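Enquirer: These are the residues of each chain, in order.
Protein chains: 2
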Amino acid sequence: MDNRNLALRINAERMRADFDALAQFGATPNGGVHRPTFSEAHLAARQWFREQIEKAGLEFRADGAGNHSAFLKCAGNDAKTLLLGSHLDSVPDGGRFDGALGVVAALEVLRVVKENNIALRTNLEAIDFTDEEGTLVGFIGSAGVAGKLKPVDLQSPRGGRANLQAGLARAGLTEPGLFTAARDRDSIAGYLELHIEQGKRLSDAHQDIGIVTDIVGIGAYRLKFIGRADHAGTTPVQARRDAGQGASGFVRGIREIILLDFPHCVANVGKMEFSPGAFNIVPSSVVVSLEFRAAHEYDFAWLETCLLERAKTEAQHFGLELEVEFIGKHAPTPMSEKPRRAFAAACDALGLSHLSLASGAGHDAQSLAHLWDAGMIFVPSVDGASHSAREFTEWSDCVNGANVLLNAALQLASQSQSS
Amino acid sequence: MDNRNLALRINAERMRADFDALAQFGATPNGGVHRPTFSEAHLAARQWFREQIEKAGLEFRADGAGNHSAFLKCAGNDAKTLLLGSHLDSVPDGGRFDGALGVVAALEVLRVVKENNIALRTNLEAIDFTDEEGTLVGFIGSAGVAGKLKPVDLQSPRGGRANLQAGLARAGLTEPGLFTAARDRDSIAGYLELHIEQGKRLSDAHQDIGIVTDIVGIGAYRLKFIGRADHAGTTPVQARRDAGQGASGFVRGIREIILLDFPHCVANVGKMEFSPGAFNIVPSSVVVSLEFRAAHEYDFAWLETCLLERAKTEAQHFGLELEVEFIGKHAPTPMSEKPRRAFAAACDALGLSHLSLASGAGHDAQSLAHLWDAGMIFVPSVDGASHSAREFTEWSDCVNGANVLLNAALQLASQSQSS
Chain A
1 MDNRNLALRI NAERMRADFD ALAQFGATPN GGVHRPTFSE AHLAARQWFR
51 EQIEKAGLEF RADGAGNHSA FLKCAGNDAK TLLLGSHLDS VPDGGRFDGA
101 LGVVAALEVL RVVKENNIAL RTNLEAIDFT DEEGTLVGFI GSAGVAGKLK
151 PVDLQSPRGG RANLQAGLAR AGLTEPGLFT AARDRDSIAG YLELHIEQGK
201 RLSDAHQDIG IVTDIVGIGA YRLKFIGRAD HAGTTPVQAR RDAGQGASGF
251 VRGIREIILL DFPHCVANVG KMEFSPGAFN IVPSSVVVSL EFRAAHEYDF
301 AWLETCLLER AKTEAQHFGL ELEVEFIGKH APTPMSEKPR RAFAAACDAL
351 GLSHLSLASG AGHDAQSLAH LWDAGMIFVP SVDGASHSAR EFTEWSDCVN
401 GANVLLNAAL QLASQSQSS
Chain B
1 MDNRNLALRI NAERMRADFD ALAQFGATPN GGVHRPTFSE AHLAARQWFR
51 EQIEKAGLEF RADGAGNHSA FLKCAGNDAK TLLLGSHLDS VPDGGRFDGA
101 LGVVAALEVL RVVKENNIAL RTNLEAIDFT DEEGTLVGFI GSAGVAGKLK
151 PVDLQSPRGG RANLQAGLAR AGLTEPGLFT AARDRDSIAG YLELHIEQGK
201 RLSDAHQDIG IVTDIVGIGA YRLKFIGRAD HAGTTPVQAR RDAGQGASGF
251 VRGIREIILL DFPHCVANVG KMEFSPGAFN IVPSSVVVSL EFRAAHEYDF
301 AWLETCLLER AKTEAQHFGL ELEVEFIGKH APTPMSEKPR RAFAAACDAL
351 GLSHLSLASG AGHDAQSLAH LWDAGMIFVP SVDGASHSAR EFTEWSDCVN
401 GANVLLNAAL QLASQSQSS
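Chains as they are written, first to last, in this note's numbering: chain A, 1 to 419; chain B, 1 to 419.
I should point out that these hints are in silico values taken from the structure, not numbers from a laboratory. Keep in mind that a hint or two might mislead.
No copy is singled out in the list; a pair is fine if it fits within one copy or between any two copies.
[Unchecked claim] With a straight-line cut-off of 30 Å between C-alpha atoms, the simulated DSSO-like cross-links for lysine-lysine are: (1) K200 with K224; (2) K329 with K148; (3) K338 with K73; (4) K312 with K224; (5) K329 with K200; (6) K114 with K80.
Just so we're clear, the structure is a prediction, and the values are computed from it rather than from any experiment.
Whenever a hint applies, use it, and build me the whole structure from the sequences.
Expert: This is how it looks when you write it as structure tokens:
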């Protein structure tokens, strides 16, 4: 390892200025950001990122999946590229750190390498992946790069067909174009990402850096409980086929399933849509948006079975029909050894404590990990708040994370790459 | 009683033609109608009603609350007016009979009286009341006529302010204008309405006609369960303040309350609105649309208390806050003796069986009953289906109801009116 590189630090003030500027795009009154994929605020943030790339003298690159990158050629023509990055989109009414921190840190790493004229064995690329949060489809950018995006993924996307079409049109993209973003397997050296933890384990354990061992598997379904519309004044409660009863029983039931049988997993109903939706009509149908996560393959499959069985049971209990629509699934994904070791070495060289942990959130790394060495680090989230305006990480922790990213990248990019 | 009048019958074929024509406005593929107040389909049905009035040589009248009437002067200048009527609006995806039957029957009664040149002691008016189903506010037309509509009723209407404003604009009405529809107490002799039962009691008891004794009281609230948005992958279930859990617990709870303690009452959650509404965010708030009904004052007040207490308990159990928004209330309303006796006499004269029952649905009669003698009859609903495309009444029962309406109206309009 090159000891001179280990001494390197990012420019904390410059990265702070970037971070603060970015937080203005889609800023909400309560201090968060609202930047769903290809919303006006998201498009403005993407434009700002492009301007920062060009201002830094880096090469701006874009692909058919809407990914935007800063590229720094610091190795030969045949060299592979080490990707560093995250995403600029947010969940509705999300926080300022999720995604944004990883993008500004990746950009800052490239600036530091460029201004220090460091020669490496791989080129560097700071990338903003499209639609990590799944406003439209989920992981459009990273699945596109990995060649894993399929036409069928676009047929019943999380956000609906109309949203997908409108979003792509706003960004000047097309559905066929999304599939052109796939990279050659031999062109990429690996992927590193800095992210906030979105949980409390680091702060509870008083550790500076979390090195991710696995990314949880995520499954999503839409479950439609179908009953019968009736007059809510003249139909006795016991004579109803009330879709709201079955759907509500299911929501209560998933909590029971997790607490009793899957204490290390999670499940969520983020939305229920009632039809026809009037005060005085017994609901004829309720569509439930279900998501669940597990870090290991066996738990994942068994949890999925239990949840769908419970939905059937609740539907039967209230005389309802159940329509099950599969939305998507990402298998649990282990992170690669090589980046994990590089992160640990960088922490040690910088005098930072570190902890190995699984990620309860999905990340772009899971799209890439089957093809390339992918690794992630986390910095502590105060109170574990995430996907919320309350999301917060101490700035000193953000700087620590960016310094670990820098030094791990330098280590990996200094190693000889088999190609 | 005038025996000649008792022999009168409405023209069943003519009324059938009206009924079928009206069912085309807002017709849904499954045989129902979708005519929310001041939708395009509802405006078209209103225009059609006006044309039938004019075609029948009756006087068309309209007021500031959007009520449309056929007027037949069959008494002196100082005579009162007996109102007959119902409403042309429907719930979303409702049935063809609810409201429509009462309007075409009232119009048919006036045509029969006119073509038989019957001299009476009161004038007759067949009225279509605005917004009975509450798409906008609920009972705009009848409360307007009774002078009971208040500016505060328009401030947080059931359908929201924007819907109200847009609807009034489409109908060429204004908010101040709504209050101009109030009639002098001395100008009205009473109100009679024919309606489908919307329940199964008549068909279960094999009776032709239901004579309404009371109209249930109806209360409506919006209950907002407020928790905390969190990342659905990284926040353990036991650490969440999940608004969906409290709201779902409440939905299950109201069923328990009704079945255990209020078997003669009903309650309904017709809608739940989740925020922010994403698969991967724990819902920060859920707004529950609650309605409940009871035929007697004591039950009504006690049920209201139990429901609101249960909402508080569920909110506390899941660490949520609760915001209670009162939407509206109609007290339980007894029907007047005089029309009830006239309906019973008409049934007897026509050889029709009849049953006294309370109405589980709200009707315009409840707006009018405190000022004037109001009465209603029901005809049997097959399977009790209501507020649904499955709503159906045998045509022979519709004709029976219209004949009872005709003969009861003749009897009441023949009596001397104190003025």
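Enquirer: Compare the structure with each hint and give your call.
Expert: So, going through the hints one by one against the coordinates:
no., hint, result
1, K200 with K224, "between (34 Å within a copy, 29 Å between copies)"
2, K329 with K148, "within (13 Å within a copy, 56 Å between copies)"
3, K338 with K73, "within (22 Å within a copy, 95 Å between copies)"
4, K312 with K224, "both (11 Å within a copy, 28 Å between copies)"
5, K329 with K200, "within (26 Å within a copy, 47 Å between copies)"
6, K114 with K80, "within (17 Å within a copy, 94 Å between copies)"
Of the numbered hints listed earlier, not one is contradicted by the structure.
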